[in-house]
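Novice: The primary structure of each chain is shown beneath.
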Amino acid sequence: MAPPQRPPAADYWRKNLTLIAILLSIWAFVSFGLGIYWAEDLHGIQAPLPGTPLGFWFAQQGSIFTFVILIWVYAWKMNRLDDEYFSDEEE
Amino acid sequence: MGVTGWTTLLVGASFLLYIVIAIRSRATSTGEFYIAGQDVPPLANGMATAADWMSAASFISMAGLISFSGYDGSVYLMGWTGGYVLLALLLAPYLRKFGKYTVPDFIGERYYSQTARLVAVICAIFISFTYVAGQMRGVGVVFSRFLEIDVTWGVIIGMGVVFIYAVLGGMKGITYTQVAQYCVLIFAFMVPAVFISLMVADTVIPHIGFGSIPPGSDVSLLARLDGLHKELGFSAYTLGSGNTINLLAITFALMAGTAGLPHVIIRFYTVPRVCDARKSAGWALLFIAILYTTAPAVAVFARTNLIDTVYKDGAFQPHEQMPPWFQTWEGTGLIEFDDKNGDGLVQYVGAAAVDGQGQSITNELTIDRDIIVLANPEIAGLPNWVIALVAAGGLAAALSTAAGLLLVVSTSISHDLLRKWLKPDLSEKQELLVARIAAGAAVCVAGYLGIHPPGFVAEVVAFAFGLAAASFFPAILMGIFMKRMNREGAVSGMVVGLVFTGGYIIYFRFLHPELDSVENWWWGISPKGIGTVGMLFNFMVAGIIRSFTSDPPADVMKMVEDIRVPEQRAV
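Protein sequence lines, in the order shown, are assigned to chains A and B.
According to the numbering used here, the first sequence is numbered sequentially starting from 52.
According to the numbering used here, the second sequence is numbered sequentially starting from 10.
Calculated directly from the structure, the hints in this document are not laboratory data.
Being a predicted model, the structure only gives us computed values, none of them experimental.
Hints may be right or wrong, so weigh each one.
Claimed, not checked - A few chain B residues that face chain A, going by a derived Cβ cut-off under 10 Å, partial list only:
1. 229
2. 247
3. 260
4. 281
5. 363
6. 367
7. 370
8. 374
9. 375
10. 376
11. 505
12. 575
Unchecked claim - Computed cross-link-like contacts, DSS-like style, restricted to lysine-lysine with a CA-CA straight-line distance of at most 25 Å:
13. A:66 with B:567
14. A:66 with A:128
15. A:128 with B:106
16. B:106 with B:239
17. B:321 with B:349
18. B:321 with B:239
19. A:128 with B:321
20. B:109 with B:321
21. B:239 with B:492
22. B:349 with B:109
23. B:567 with B:492
24. A:66 with B:106
25. B:432 with A:66
26. B:567 with B:109
27. B:106 with B:492
Backbone N, C-alpha and C fix where the C-beta goes; we use that ideal spot for every residue, glycine too.
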């Protein structure tokens with residue numbers, strides 16, 4: 052591995068911010084977007100279960116499932132990033 | 010065995026379990042008392058956080074709240090779970106790295122200011138007492154409804170149990186009792202939910218049942234419910250009331266408020282490493298989501314059941330033909346029937362209801378929202394032990410939250426006020442003693458508030474979230490993500506956020522409740538959602554003041570860099 056151009060902490064922090072930005076966009080999209088802002092427009096679509104209007108489903112079920120997944124993705128990605136930047140093992 | 014026998018048995022057994030756990034995990038140092046010695050495994054911390062967070066209101070009232078408000082109730086579901094995403098991504102890992110004992114500790118050290126610490130302590134104590142009063146009341150109510158014990162004695166028994174494990178064990182005792190309490194409460198919530206799902210939708214998984222087309226029917230459960238709502242003059246179950254900006258603001262305020270609540274944040278200090286803080290947030294939300302995604306299904310089943318009971322084949326049913334559970338709960342005052350037109354039929358209708366001739370119909374039935382969870386087992390005809398289980402679950406939910414909140418009060422007093430401010434020369438032994446005394450005193454105050462609840466408890470909960478969203482959340486966030494945010498900016502931001510949010514809520518809820526409606530609200534945002542605006546003001550003011558004042562000292566900037574990265578560790 053080539054010697055890093057910037058201090059590893061700064062590089063780590065930049066990657067962390069990018070990941071946070073991506074995950075929070077999804078967070079806002081499913082809850083504020085699909086669950087509230089577009090809920091009425093999505094009312095005619097019956098999904099993912101045969102009897103649920105999509106917007107309503109996202110507001111009461113889908114957004115919560117997504118939140119759980121988002122946190123686990125973050126934990127998994129960051130714990131790997133931690134290993135990459137801050138483990139004692141020599142490269 | 011009767012309901013009372015089963016309830017005494019299950020509640021007694023669960024209390025015994027909590028006390029045994031407490032005695033086995035006594036705290037011997039301030040580190041153990043405040044943050045459980047930082048050796049709680051992430052899975053256990055996830056369960057403890059879930060129990061800490063899910064209060065008597067989540068367990069007893071939330072399904073009912075959604076059942077009676079339909080789509081509009083979604084703000085609570087999304088708000089109280091979405092906050093964990095903010096917590097996991099933006100706060101928990103860095104606060105764990107910081108590693109000190111309390112939220113005011115972080116605010117005080119990050120903004121190198123005792124004033125900031127003091128503001129944070131006052132907020133933490135206010136938020137915690139607001140909340141804890143409701144929990145103790147919940148304990149008393151469960152006792153009085155299920156065991157026919159006076160509310161006062163119910164509160165005193167609950168106080169006794171919390172006293173034993175909070176004062177003896179501190180955070181360590183609380184953590185492991187909360188793990189047990191989570192198991193009790195989730196089992197107690199899921200058993201009736203599965204049974205009622207089987208009954209209404211013919212599937213064991215409530216999440217599927219709620220979106221299904223029940224056997225023998227050609228329309229889905231939700232479509233049928235929407236139809237019934239229309240016939241009876243209620244607004245549609247699956248559609249909102251239309252004030253989108255207000256729904257967005259309330260959801261965001263609840264999310265940011267959740268992330269800023271001190272008793273939740275403090276749980277993330279108890280795990281060994283930064284990566285464990287992230288994982289425990291994942292576990293916590295998973296455990297919370299089990300209840301929060303089941304509640305809307307229970308809400309739909311119960312709502313349909315309820316309407317079917319009073320309104321069959323297009324006609325209101327006579328009062329004497331109501332099932333036994335209806336009469337039982339009428340006895341407790343949770344169901345009230347007032348035969349206004351004297352025809353003996355139970356007219357249960359919404360504001361827009363009209364009869365065949367276009368005459369409007371007057372509603373005659375008032376139903377307390379708590380009935381949805383409390384009466385579910387009886388409505389579904391479940392055995393007595395399930396009813397007893399609901400009582401034990403409600404108590405577990407209330408006690409676990411109360412304990413977490415009382416610990417915040419105790420540490421705020423012994424650590425933040427005394428050790429870090431008034432008497433810095435306190436020895437560790439003395440500090441631990443003060444912490445125990447403060448915890449004991451806090452239990453007594455909470456018990457008093459539970460027995461003599463101030464009339465404004467329900468109103469004040471909106472306060473707790475609004476204030477946490479407008480003060481703690483932005484202050485901590487900027488403390489981590491804006492290295493150059495300084496004392497002047499953060500303190501003025503917090504003060505503006507608090508004064509604006511507090512002022513708005515006090516104006517509409519206490520001074521002029523008659524004006525509390527959408528045409529008077531600023532930007533159409535209700536007092537419940539105003540914390541979002543307060544938070545934006547906090548950010549703006551902090552940013553502006555910062556640009557005119559000097560950078561924080563070098564050691565503080567160094568500290569910020571330090572909390573942004575995890576500890577060095579061997580692979």
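Novice: Please go over all the hints and tell whether each is borne out by the structure.
Specialist: Tested hints:
1. 229: holds, 2 Å
2. 247: Holds, about 4 Å.
3. 260: Hint holds; residue 260 (chain B) Cβ to chain A Cβ min 7 Å, cut 10 Å.
4. 281: Violated, about 13 Å.
5. 363: Violated. Min distance 25 Å.
6. 367: Since the shortest Cβ distance to chain A is 28 Å, the answer is violated.
7. 370: Constraint on residue 370 (chain B) not satisfied, violated at 27 Å.
8. 374: violated, 25 Å
9. 375: violated, 25 Å
10. 376: violated, 21 Å
11. 505: Cβ of residue 505 (chain B) sits 25 Å from chain A, so the hint is violated.
12. 575: Since chain A brings a Cβ to about 5 Å from residue 575 (chain B), closer than 10 Å, the hint holds.
13. A:66 with B:567: holds, 20 Å
14. A:66 with A:128: holds, 10 Å
15. A:128 with B:106: Cα-Cα ~18 Å, so holds.
16. B:106 with B:239: violated, 54 Å
17. B:321 with B:349: holds, 20 Å
18. B:321 with B:239: holds, 15 Å
19. A:128 with B:321: The hint is violated at about 54 Å.
20. B:109 with B:321: violated, 60 Å
21. B:239 with B:492: It is violated: about 55 Å lies between the C-alpha atoms, which goes past 25 Å.
22. B:349 with B:109: With Cα atoms ~61 Å apart, residue 349 (chain B) and residue 109 (chain B) exceed 25 Å; violated.
23. B:567 with B:492: holds, 9 Å
24. A:66 with B:106: Satisfied, since the Cα-Cα distance of roughly 18 Å is no more than 25 Å.
25. B:432 with A:66: Judged against 25 Å, a Cα distance of about 43 Å means the pair is violated.
26. B:567 with B:109: Given pair residue 567 (chain B), residue 109 (chain B) holds - Cα atoms ~16 Å apart, limit 25 Å.
27. B:106 with B:492: Holds, at about 16 Å.
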